[in-house]
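Number of protein chains: 2
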Amino acid sequence: MALRLPGFLVIAALLGTTGAAAQETQPTPLQRRYQSTVDRIIALALSDSSAYQRLGELVDKFGHRLSGSESLERAITWVRDRMLEDKLDNVRIEPVMVPHWVRGKESAGLVEPRAAPLAMLGLGGSVGTPAGGITAEVLVVNSFDELHTMGDRARGKIVLFDYPFPTNVPAFVGYGRAVRYRVFGAIEASKAGAVASLIRSVASNSIRSPHTGVMRYDSLVTPVPAAALSVEDAMMLHRMQDRGEKIVVHLEMEAQTLPDAKSGNVMGEIQGSQQPNQVVVLGGHIDSWDVGQGAMDDAGGVVAAWEAVRLLKRLGLKPRRTVRVVGWTNEENGLRGGLAYRDAHQAEDHVLAIESDAGAFSPLGVGFEGTPEGLATITEIGAMLRAIGSDRVTPIAGEADISPLKEIGVPTMGLDTDDRRYFWYHHSQGDMLDKLDPAEVTRCAATMAVMAYVVADMETRLPRAGAGK
Amino acid sequence: MALRLPGFLVIAALLGTTGAAAQETQPTPLQRRYQSTVDRIIALALSDSSAYQRLGELVDKFGHRLSGSESLERAITWVRDRMLEDKLDNVRIEPVMVPHWVRGKESAGLVEPRAAPLAMLGLGGSVGTPAGGITAEVLVVNSFDELHTMGDRARGKIVLFDYPFPTNVPAFVGYGRAVRYRVFGAIEASKAGAVASLIRSVASNSIRSPHTGVMRYDSLVTPVPAAALSVEDAMMLHRMQDRGEKIVVHLEMEAQTLPDAKSGNVMGEIQGSQQPNQVVVLGGHIDSWDVGQGAMDDAGGVVAAWEAVRLLKRLGLKPRRTVRVVGWTNEENGLRGGLAYRDAHQAEDHVLAIESDAGAFSPLGVGFEGTPEGLATITEIGAMLRAIGSDRVTPIAGEADISPLKEIGVPTMGLDTDDRRYFWYHHSQGDMLDKLDPAEVTRCAATMAVMAYVVADMETRLPRAGAGK
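As they're listed, the protein sequences go chains A and B.
Counted the way the working numbering counts, the first sequence spans residues 1 to 469.
Counted the way the working numbering counts, the second sequence spans residues 470 to 938.
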């Protein structure tokens, strides 16, 4: 659940305090020092599509990678082995215990006003239905507010939250509004006496493709099964209710949560030549939901970060500080990887944490959170990326896996990309390799390589931020 | 399988012979006679969304409507009953025997290099697999030409035709090129010794949504099962082959063709006040594939044509000739409805046949095939639709159900719409009501109403075309 800025704030930021450096025609000392190296990094990145080839191998070989699954652990081991072949330093898997939710068989079917299957996906973390399923009348509401006006009408029913994904705002802003129903729907439905909770999939386009994602329970409220219908099915049920028809649905889910499973954060690095204990960490999350290939979310982010480090290695660049690539585990349903990474690396001094988890689409630039001086420096570095169009710098970095580091004062950076189609595929069967483009993944890798390298090598370290939220 | 013109030919047609009338600033006598009536039709159409309401009832109440299914017959009866309530003349269902193909259970799964389900839909008319299914190695080819260079390599294998939908040409031109693999793939695969035929879905966008559609066998070639994979799955298998991996797929299909079933063309009319035996027929097809709701393909066309006649009825307009709306049956896998209609109505004199089967999206105008004089008249009528943007007239009308009438010399007309998203949803689970827009369906109805009314009422009858292909 990343937070991003509306476009007008981005524009204001560029025109305002942070825009000065980006608009300079005279290079700054930092730019004079690094522009030729930046150009070499970009040139090497654009010379082949090795990142995309590796991404394709990863997702085709292992498919999706839910926490607790064998495919996740096999993928992590494969990444480690390839990192060893890349001759990165200190390649390792650091153990992390992760939640182990399994979907099992599941289905939803319309019983009245006519029998028909519904396109659905259970939500991650949901309990199952009793054996044989639940058959109940459906109450469709637009929002929590509407449910709260219903008094006893939801009692014994299945509540369907039909909240449309707002498409008149930036993609992640729309997501932030709609995803509340996925996360909190089961709690609110149960409080109202419902026996199950359905949502309209949190998606900005649909070809009857349901979208899963994490949901929560409140320990003081009876847990009820929770699933997403496709946008089309949710709209159909809403129309039926508007016509005064009685709607009955049969829901059957075997979902259950097993004891925590073994997993790990996989990582490798280029050790710093002068301050090896100062670290620029960059990565994405290696786990995914159990649908599609988790290519966009987030194998592409892991591979772009990994490729960034490989680019530095191939160019023989040895930055002053350590540059480390990490594939964090369990971002999707626990954040255990990001938390474990922070706890395991307290003794180190993290200079910057970078993540790509908004899809390795055409990169627009980066979001940065740190001090104003740090933002000015990042804006200077960003300006050197103008040749590949990823020179925009904004003051928001909302990525999840690096948020535990942000909490202890580490400056953080998210890769900003053209996310217009992100929620077409997010957490759906459609998240497969073809949704990403080789040239775009390459430019993501180049952008992360430049940011990581310059910050790791420049004489003055990036200032620490105050400990944040 | 409609044929449409590339854009440059459309532009040439507008600037050339047929463009003169459309560019007139002085109204022609025909336009002086009819413009105010046209404006009344448009105004009434735009005054409510009754067409969309009725369309929603139809598709939500009955769902998809494959030939031979109970849902198709119930939908046909419902349309007849509503037409009686509308007090149309001569409301009836004319019996038609239709092919009865049933899908049964089906699945495809990757066996090697790893086990994973594949998103698939069997193709309409396919035979099933033997009980227990077929497990065989997969050979991926780009085209028939590539298959023909393979010698014996397809023997005993499953052939996958991975032909991408061309997206750099108009939608129906791209469809025409790609659909050959759906229609003829099983014949070519079988000739090469394959045990089954798979295609990349014929679709211009995908969220792992497979697309079905009709396929053919050649009585001299062993029939093999045929199915479509989602675009994503076809691309994944192709990548695996490119990496030199052995691909094994398990395919299981219960598909079978049962004896022909009873169905019918449903129709109603406004009887002509002076030449009732001269008929302007307009409609769409009431059958659909057995996925989604068949809302775009083609309940929307049926309802737009029906609403067109209702608009004339509500305005109390009584044209000189008969205006008849028909919901043809079995367009998708047999064209039996269109053929039976022609055969049953030999005694009548059809002045014009209109169909909407490219999706009731924003109407751009009409395609017309008849004589040059007829085209000039239609262009004059088209110009009166400028207020709702559907004034374009092109010289191609490729709709299927009216093609049997075209063969006997009846001028034909297809409604042209903004079809850019048509093949996102076509023959997939995604073809549900929300893909159409109330205001757009309304403008489709208005366009058809104007064309039907003026042609049915004008003093001079539209000239017959020569008997065509």
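In case anyone wonders, no lab produced these hints; they're calculated from the structure.
Quick reminder that beta carbons are idealized off the backbone N, C-alpha and C, glycines included.
Among the clues, some could well be false.
Partial list, computed: chain A residues near chain B (C-beta under 10 Å) [unchecked claim]:
1) Asp60
2) Met97
3) His100
4) Arg103
5) Lys105
6) Ala119
7) Met240
8) Gly292
9) Gln429
10) Asp431
The calculated DSSO-like cross-link candidates involving lysine-lysine, where the alpha carbons are at most 27 Å apart (straight line), are [unchecked claim]:
11) A:Lys87 with A:Lys61
12) A:Lys61 with A:Lys246
13) B:Lys574 with A:Lys105
14) B:Lys731 with B:Lys574
15) A:Lys262 with A:Lys191
16) A:Lys246 with B:Lys530
17) A:Lys246 with A:Lys87
18) B:Lys556 with B:Lys731
19) B:Lys731 with A:Lys61
Against the structure, the hints:
1. Asp60: holds, 6 Å
2. Met97: Since chain B brings no Cβ nearer than about 26 Å to Met97 (chain A), farther than 10 Å, the hint is violated.
3. His100: violated, 20 Å
4. Arg103: At about 13 Å, which exceeds the 10 Å cut-off, the nearest Cβ of chain B leaves the hint on Arg103 (chain A) violated.
5. Lys105: With a closest approach of 13 Å, the Lys105 (chain A) hint is violated.
6. Ala119: With a minimum Cβ separation of about 7 Å from chain B (threshold 10 Å), the hint on Ala119 (chain A) holds.
7. Met240: holds, 6 Å
8. Gly292: Nearest chain B Cβ about 7 Å off; hint holds.
9. Gln429: holds, 4 Å
10. Asp431: Result: holds, 9 Å to nearest chain B Cβ.
11. A:Lys87 with A:Lys61: With Cα atoms ~22 Å apart, Lys87 (chain A) and Lys61 (chain A) stay inside 27 Å; holds.
12. A:Lys61 with A:Lys246: Violated, because 46 Å separates the two Cα atoms, which is more than 27 Å.
13. B:Lys574 with A:Lys105: holds, 17 Å
14. B:Lys731 with B:Lys574: holds, 24 Å
15. A:Lys262 with A:Lys191: Outside the cut-off at roughly 34 Å; violated.
16. A:Lys246 with B:Lys530: The hint holds at about 12 Å.
17. A:Lys246 with A:Lys87: violated, 64 Å
18. B:Lys556 with B:Lys731: Distance ~26 Å between Lys556 (chain B) and Lys731 (chain B) Cα, so the pair holds.
19. B:Lys731 with A:Lys61: violated, 49 Å
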